[in-house]
Amino acid sequence: DVKVTQSSRYLVKRTGEKVFLECVQDMDHENMFWYRQDPGLGLRLIYFSYDVKMKEKGDIPEGYSVSREKKERFSLILESASTNQTSMYLCASSPIGQGLYEQYFGPGTRLTVT
Amino acid sequence: GQNIDQPTEMTATEGAIVQINCTYQTSGFNGLFWYQQHAGEAPTFLSYNVLDGLEEKGRFSSFLSRSKGYSYLLLKELQMKDSASYLCAVRFTGGGNKLTFGTGTQLKVEL
Numbered sequence: 001d002v003k004v005t006q007s008s009r010y011l012v013k014r015t016g017e018k019v020f021l022e023c024v025q026d027m028d029h030e031n032m033f034w035y036r037q038d039p040g041l042g043l044r045l046i047y048f049s050y051d052v053k054m055k056e057k058g059d060i061p062e063g064y065s066v067s068r069e070k071k072e073r074f075s076l077i078l079e080s081a082s083t084n085q086t087s088m089y090l091c092a093s094s095p096i097g098q099g100l101y102e103q104y105f106g107p108g109t110r111l112t113v114t
Numbered sequence: 001g002q003n004i005d006q007p008t009e010m011t012a013t014e015g016a017i018v019q020i021n022c023t024y025q026t027s028g029f030n031g032l033f034w035y036q037q038h039a040g041e042a043p044t045f046l047s048y049n050v051l052d053g054l055e056e057k058g059r060f061s062s063f064l065s066r067s068k069g070y071s072y073l074l075l076k077e078l079q080m081k082d083s084a085s086y087l088c089a090v091r092f093t094g095g096g097n098k099l100t101f102g103t104g105t106q107l108k109v110e111l
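Heads up: the sequence lines are chains Z and X, in that order.
Here the first sequence is numbered in our numbering, starting from 1 and rising by one per residue.
Here the second sequence is numbered in our numbering, starting from 1 and rising by one per residue.
These are computed hints drawn from the structure, not numbers from a lab.
Remember, predicted model here, so these are calculated numbers, not experimental data.
Hints may be right or wrong, so weigh each one.
Calculated lysine-lysine pairs in the PhoX-like style (CA-CA distance at most 20 Å, straight line) [as the list claims (entries may be wrong)]:
1) Z:Lys3 x Z:Lys71
2) Z:Lys3 x Z:Lys18
3) Z:Lys3 x Z:Lys13
4) Z:Lys53 x Z:Lys70
5) X:Lys98 x Z:Lys55
6) Z:Lys53 x X:Lys98
7) Z:Lys57 x Z:Lys71
8) Z:Lys71 x X:Lys108
9) X:Lys68 x X:Lys81
10) X:Lys98 x Z:Lys57
11) Z:Lys3 x Z:Lys70
12) X:Lys98 x X:Lys76
Output of the computed footprint for chain Z on chain X, the stretches with three or more beta carbons under 8 Å from beta carbons of chain Z [claimed, not checked]:
13) 13-27
14) 45-57
15) 68-80
C-beta: ideal position from N, C-alpha, C; glycine also.
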């Protein structure tokens, strides 16, 4: 079974704090993704990575950065948290290749910025 | 843009059949996925279509028409546990395995 884990289920941070969200997958997948999910807006891609040290911006990268130093770990960083970054954050992973591979999701981190 | 459209909410009766539609921009289409997401949980994969036609998996089936930019998810013999959000997601060419998600359809199954 593919397992994607995220460091916290719930997190409360103050405005201006630096926030780290960690994601680890155990299936040797090349691709990893960070999404945020908000009511009425669905899942929106923040950043993704297709290899170690490689990253690409998604649809809403502003205010975020990422780090992928090891294949199994993909970190999302909020450099200076703001209240509009209060959201559910979901990490996902998938294999790379020409086939149609589904993404496997972690349980999510509900972040509240006060 | 790469808009994915699906109804916001649907209600159906236990034991019935429900069809959840999804429309998308056809340019660059390279595969369509359906996910189920229960409240407070992660999305879980249900099915994918890359060719036209119907894919059946038990009580769930998914249909695709590439020329029309249209898919539906069909749920038969509805059960209360099928109450969840159903997410349609499309892979477009040039994006690797990146998916663009619709906003989801919240399905409520009633007695």
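Hints and how they fare:
1. Z:Lys3 x Z:Lys71: Given pair Lys3 of chain Z, Lys71 of chain Z holds - Cα atoms ~14 Å apart, limit 20 Å.
2. Z:Lys3 x Z:Lys18: violated, 27 Å
3. Z:Lys3 x Z:Lys13: violated, 27 Å
4. Z:Lys53 x Z:Lys70: OK: Lys53 of chain Z and Lys70 of chain Z at ~8 Å, within 20 Å.
5. X:Lys98 x Z:Lys55: holds, 12 Å
6. Z:Lys53 x X:Lys98: Given that 20 Å is the threshold and the Cα spacing comes to 18 Å, the pair holds.
7. Z:Lys57 x Z:Lys71: Holds: Lys57 of chain Z and Lys71 of chain Z sit about 18 Å apart, inside 20 Å.
8. Z:Lys71 x X:Lys108: Violated, at about 39 Å.
9. X:Lys68 x X:Lys81: violated, 31 Å
10. X:Lys98 x Z:Lys57: Answer holds: Lys98 of chain X to Lys57 of chain Z is near 11 Å, not above 20 Å.
11. Z:Lys3 x Z:Lys70: Holds, at roughly 16 Å.
12. X:Lys98 x X:Lys76: With Cα atoms ~30 Å apart, Lys98 of chain X and Lys76 of chain X exceed 20 Å; violated.
13. 13-27: violated (count 0)
14. 45-57: holds (count 3)
15. 68-80: Our answer is that it is violated, as 0 residues pass the Cβ test (under 8 Å) against chain Z, missing three.
In this structure, the earlier hints numbered 2, 3, 8, 9, 12, 13 and 15 are contradicted, and the remaining ones agree with it.
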